[in-house]
Amino acid sequence: MEQLDREYQYFVGAAQVAASLEQANNIAKQLSITASNARAVALRAGQNAAGFKPLTDFIDQLANTTISSSKNINELANKLSRNSANKYRIDNAFNKFNGVLQSNNQAQFNQSLHQPISMIVKQQQALSFTHRSLLEKLSEELILLSDELRTAVVLATLSRVEASQADTDFQDTLYSVADNVEEAATKIKAHILSAIEHVNSIKLDRR
Amino acid sequence: MKLTKINKDKSYHWYVLGRDPEKPQAIIDTNQYLVVTANKALIMDPGGIEIFSSMLAAVVKICPIEQVTHLFASHQDPDIISSLGLWDQALPNATLHSPWLWEGFIRHFGMSNISYSAIPDGGESIKIDGVQLTFIPAHYLHSSGNFNVYDEEAKILMSGDIGAALEPHDAPMYVEDFDSHCDKMRFFHQRWMPSNKAKSRWIERVSKLEIEQLCPQHGRIFRGDDVKRFLDWFDKLEVGLVED
Ligand SMILES: [Fe+2]
Ligand SMILES: [Fe+2]
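Going down the list, the sequences are from chains A and B. Heads up: the first sequence is residues 1 to 207, going by full-length UniProt numbering. Heads up: the second sequence is residues 1 to 244, going by full-length UniProt numbering.
Just so you know, these hints were derived from the structure itself, not from any lab. Don't take every hint at face value.
To be verified - Covered stretches of chain B (in silico footprint by chain A; criterion: 3 or more residues with CB under 8 Å from a CB of chain A, positions within the stretch not fixed):
1. 48 to 58
2. 81 to 93
Stated by the list, open to error - Below, simulated DSS-like cross-link-like pairs (lysine-lysine); rule was C-alpha separation at most 25 Å, straight line:
3. B:Lys2 / A:Lys96
4. A:Lys96 / B:Lys61
5. A:Lys29 / A:Lys189
6. B:Lys23 / A:Lys96
7. B:Lys155 / A:Lys96
C-beta atoms are modelled at their ideal positions from N, C-alpha and C, and glycine is treated no differently.
Pulled out of the complex, with its shape left as it was, chain A reads as follows (with noise of 0.2 Å):
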């Protein structure tokens, strides 16, 4: 039962993971559009904005990265859910099949259960060892990408630099794209440490 457990908690686990990123995902593109909407205003504003422009294409940079990798980290967990569901369907089979040859020892043919062990042994080593490195793999890409939301505080930062040097009319609003730009990131970087800690607590529960 707690081997059942365990595995319960897999696939749950990768399906949060999953959930964290599809939010991280609806997050950037939103930053995607506050990014076109701060184009169109640095257009408006003209040489009142003349740095600003270059930085609305840095933004949209950064939106575009984070929903292209979180689709992939996303397909990752889905992976990982899917091997983990096979895994918990495995593993019932594997009890039920030991249960039965440890249990029925006067049962004629029992020694015939050996063969489908030994099948379903290999296929829960392979699972495994796709758990494994699906693992791996899901960290390094949540940790490449939270890296680079770092990339963020400096965009809102040059952003709120500009506007101060900006005309009056337009400082409002290119100060609220600043905004937008670190209140994106902090959610989005939110949603990726709580998917980093779905998979830690896999992992160490792995071992």
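Since the structure of chain A is already known, use the hints to place chain B with the ligands on it.
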């Protein structure tokens, strides 16, 4: 799980497996049937996940597990075939015979090794080591895609849910007093069977067969004159009834 041989032939064997004392209380009791020939074996309506261990333990009392080459599922119900995902691990080279209608549904129980042989609506015959078994259409009794298995040689009709009775799990394997047995069958047939027309067609069809034993998936086996008694009783029974 109790194991009873039900045919007299020495060259191949029909078994009924049922009355599992380890089965959880809330689960309907089921009879599983097994035909073992010289080198092969067929399990009919192998049952639900909950009784898989008992079934596996019973089967290896009779033959090596790899001898089981065929499975049959009369229809898609969980008490019939929800154990498929586990049999799939035991019998990588087996074939499951089941109504074509249910293929996409039954695969939800998990089937990556076993192959699906879709029975056409009109039924078909298969030969297992020379033993001929025929899938007789029994649609809408109760499932919309549903078959019985007939063995002309042994004069046995495995009738699936038809002839089912709701009984305690320690009931005898054979009907002893037909009249009192009717009380245990009435509700099952009236509530689960949807069509009087389908019922009449089926009775007409199986009345042409020589049947010494009629073997349902729940309850008890009818033998001798009780087979005819059952067909007459069923003929008169109005089905598709619900109090709501
Ligand atoms: Fe049924
Ligand atoms: Fe049934």
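Exercise for the section: Just pull the numbers of the violated hints for me, sorted ascending. Expected result: When the structure is compared with the hints, only number 7 turns out to be violated.
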